[in-house]
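The lines below spell out each chain.
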Amino acid sequence: MKQFLAVLHARNMEFLRDRSALTWNLAMPFLLVIGLAFTFSGNNKEIYKVGIVGGIETLGRVAPALQATQHIQFVPYADLDTGIDKVKHHQMDMLIDISSAPKYWINSSSPNGYLLERIIWGTEGRQFQRQTIEGAEIRYVDWFLPGILGMNMMFSCLFGVGFVIVRYRKNGFLKRLKATPLNPFYFLFAQLVSRLLLIMVITTVVYAGCNVFIEFNMQGSYWDLLLVTTLGAMCLISIGLLVASRTASEEFAGGILNTLTWPMMLLSGAWFSLEGTHAWVQQLAQLFPLTHMIAATRAIMNEGATLAQVMPHVWVITLMSVIFLALGAYIFKWE
Amino acid sequence: MTAIISTSNLVKHYTGVVAVDGISLSIPKGICFGLLGPNGAGKTTTIEMLEGINLPTSGSILYKGEPLDTRYREEVGIQFQHTALQEFLTVRETLELFERLYHRTIPLAELVELCSLHDILNRDTRKLSGGQRQRLLLALALVNDPDLIFLDEPTTGLDPQARRNFWDLVTLVKSRNKTIVLTTHYMEEAYALCDEIAIMDKGRIVSQGTPAQLLSEHFGDVVLQIPKADAGARVFELGLSIVEAADFVEIRTSRLHYTLQQLLENGVNLDRLHIRSWTLEDLFINVTGLSK
Chain V
0 MKQFLAVLHA
10 RNMEFLRDRS
20 ALTWNLAMPF
30 LLVIGLAFTF
40 SGNNKEIYKV
50 GIVGGIETLG
60 RVAPALQATQ
70 HIQFVPYADL
80 DTGIDKVKHH
90 QMDMLIDISS
100 APKYWINSSS
110 PNGYLLERII
120 WGTEGRQFQR
130 QTIEGAEIRY
140 VDWFLPGILG
150 MNMMFSCLFG
160 VGFVIVRYRK
170 NGFLKRLKAT
180 PLNPFYFLFA
190 QLVSRLLLIM
200 VITTVVYAGC
210 NVFIEFNMQG
220 SYWDLLLVTT
230 LGAMCLISIG
240 LLVASRTASE
250 EFAGGILNTL
260 TWPMMLLSGA
270 WFSLEGTHAW
280 VQQLAQLFPL
290 THMIAATRAI
300 MNEGATLAQV
310 MPHVWVITLM
320 SVIFLALGAY
330 IFKWE
Chain E
0 MTAIISTSNL
10 VKHYTGVVAV
20 DGISLSIPKG
30 ICFGLLGPNG
40 AGKTTTIEML
50 EGINLPTSGS
60 ILYKGEPLDT
70 RYREEVGIQF
80 QHTALQEFLT
90 VRETLELFER
100 LYHRTIPLAE
110 LVELCSLHDI
120 LNRDTRKLSG
130 GQRQRLLLAL
140 ALVNDPDLIF
150 LDEPTTGLDP
160 QARRNFWDLV
170 TLVKSRNKTI
180 VLTTHYMEEA
190 YALCDEIAIM
200 DKGRIVSQGT
210 PAQLLSEHFG
220 DVVLQIPKAD
230 AGARVFELGL
240 SIVEAADFVE
250 IRTSRLHYTL
260 QQLLENGVNL
270 DRLHIRSWTL
280 EDLFINVTGL
290 SK
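Each protein sequence line maps, in turn, to chains V and E.
Under numbering that gives the first Met the number 0, the first residue of the first sequence carries the number 0, and numbering increases by one thereafter.
Under numbering that gives the first Met the number 0, the first residue of the second sequence carries the number 0, and numbering increases by one thereafter.
These are calculated hints, taken from the structure and not from any lab test.
Glycine included, each C-beta is placed from N, C-alpha and C at the ideal position.
It is possible that part of the hints are untrue.
[Said to hold, decoys possible] Lysine-lysine pairs mimicking DSS-like chemistry, simulated, CA-CA at most 27 Å apart:
#, chain 1, residue 1, chain 2, residue 2
1, V, K332, V, K169
2, V, K177, V, K1
3, V, K177, E, K173
4, V, K177, E, K63
5, V, K174, E, K63
6, V, K332, V, K1
7, E, K126, V, K169
8, V, K177, E, K126
9, E, K173, E, K28
10, V, K332, V, K87
11, E, K28, V, K177
12, E, K173, E, K63
13, V, K174, E, K126
14, V, K174, E, K173
15, V, K1, V, K174
16, V, K177, V, K332
17, V, K87, V, K102
18, V, K174, E, K201
19, V, K174, V, K332
20, E, K63, E, K28
[Unchecked claim] Simulated restraints, written as ranges between beta carbons of each label pair:
#, chain 1, residue 1, chain 2, residue 2, range
21, V, R16, E, H102, 26 to 32 Å
22, V, T276, E, R125, 47 to 53 Å
23, E, N164, V, T22, 54 to 60 Å
24, E, H117, V, G208, 21 to 27 Å
25, V, T276, E, E95, 51 to 57 Å
Turn these sequences into a full structure, and let the hints steer you where they fit.
Laid out in structure tokens, this is it:
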């Protein structure tokens with residue numbers, strides 16, 4: 000324990016005294032959230048999104064003119080409740096159920112829903128039964144906030160831990176530690192805890208700071224949010240440790256980290272929803288811990304999901320953390 | 000004397016290269032043992048195997064008569080040839096970091112006193128001069144009050160003053176009954192610090208003993224240096240062993256009195272005669288064949 004605390008303290012001091020890195024770590028996500036909030040404040044989506052329960056192929060038979068209408072994206076849903084939730088939070092403009100007698104749902108406060116209703120009357124007449132839902136709109140900023148913060152955590156965890164250990168190995172610091180009785184597991188665990196503490200503090204400061212200006216929508220429990228983000232960060236750090244477990248080449252480590260971060264950045268739902276994308280894309284996204292962290296935090300913040308409701312994501316993240324950390328510690332080499 | 004560390008037929012192979020080729024050593028407790036040799040001779044590989052950092056391909060290493068085990072890391076101190084420290088820490092914080100990695104430690108105040116670190120205790124380690132940095136690295140090697148200390152080229156790159164200060168420090172450490180294993184390129188350093196030396200070349204030990212022993216074994220004579228202008232042409236006709244340099248001639252002789260008399264009788268001016276003993280540098284060049 001004495002060894003662990005010594006390495007943890009030293010690493011924390013190193014990070015906190017590196018003013019340029021600390022400033023950048025704080026300023027970058029703050030500016031990103033504020034900047035995107037202003038950029039997307041108009042909520043300018045160019046296409047309408049319509050959820051379909053009962054299969055898109057069936058829609059072609061039931062409402063061919065509607066399906067042929069341009070600028071409407073049809074997103075299949077397996078169950079009605081999920082689709083209704085999406086309409087309730089303005090994440091979907093309309094939901095059509097063609098699994099039985101044709102019905103559609105719109106949010107009574109959604110302008111897009113109103114326009115789509117006019118379109119469906121024009122193309123298909125009045126054959127669809129009208130249903131309305133009440134529910135406040137989730138602003139785009141509330142939707143993308145978990146994605147932006149998650150993405151920032153991903154970069155900080157992967158590069159912050161991966162590059163630091165590779166630098167230590169390259170400049171001989173790890174070799175010096177190898178000459179001491181320091182247990183490698185304590186060393187790795189100290190790196191993990193140090194980065195975890197720092198990233199959680201930074202993320203909390205950024206969230207609280209941005210909240211002053213934007214007043215984020217928070218439907219769920221802050222404790223659940225803290226638990227999910229902590230586990231998510233742990234998982235991402237353990238990937239960083241795994242990548243850095245052997246290599247002494249910053250270029251190689253950088254290549255691997257980029258290979259991991261780019262797909263996660265694009266396909267974890269940080270920037271845009273994966274609903275409506277190819278099935279293989281959605282399956283691939285399930286392999287990324289960031290996907291689960293963002294999905295869980297979004298559900299807690301925007302839909303008021305409880306911990307039990309996001310537990311499948313929590314289990315996946317926890318399992319991944321254990322596997323990556325154990326593997327990283329097993330193959331770790333000081334030199 | 001009891002060996003604190005010994006090796007038997009130590010071999011290290013890298014792909015296509017035999018870095019160390021069957022070294023057997025026995026280093027008594029309490030001495031400073033010097034490992035010398037040209038670049039690529041296998042000194043660093045040998046010392047790293049002794050440190051337990053690098054595993055031998057074959058052969059054995061015994062510390063206090065036992066194979067190296069987990070206790071070994073607690074009882075040895077190491078100063079590497081190149082090492083980096085955790086950045087943004089002061090000298091005091093760096094000492095405290097390493098102190099907490101060991102069970103047995105020397106009081107920090109004593110360590111600071113021993114290595115003369117008072118003035119730089121609160122200085123960022125990135126802002127230390129070469130000499131100050133080497134003093135700190137030595138302090139880190141001593142933080143666990145080790146019985147055996149490895150110093151791998153500790154004064155390389157230091158100015159002559161800083162080097163001599165470091166020698167004083169090593170002498171002080173040695174006086175505490177510590178065993179030191181030192182590698183160096185500086186023969187003067189080996190002569191000043193080492194009780195025993197081994198000269199390595201191409202992965203093997205080519206000569207071993209105390210500096211005085213080795214010099215008397217390899218050189219039973221002295222060298223007379225006389226400026227060419229004073230020596231004249233006749234000196235070459237006296238049947239002496241002469242090496243001609245640009246401005247002077249060197250005469251090797253084991254019969255100093257007789258040779259001087261011979262030179263005087265033949266009119267050689269000895270006013271600017273310089274008699275020099277052989278040094279470890281001569282020995283080094285002699286046994287490693289670098290003069291060829």
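Of the numbered hints stated previously, which ones are contradicted by the structure, given in increasing order? Numbers 10, 23, 24 - these are the hints that the structure violates, sorted from lowest upward.
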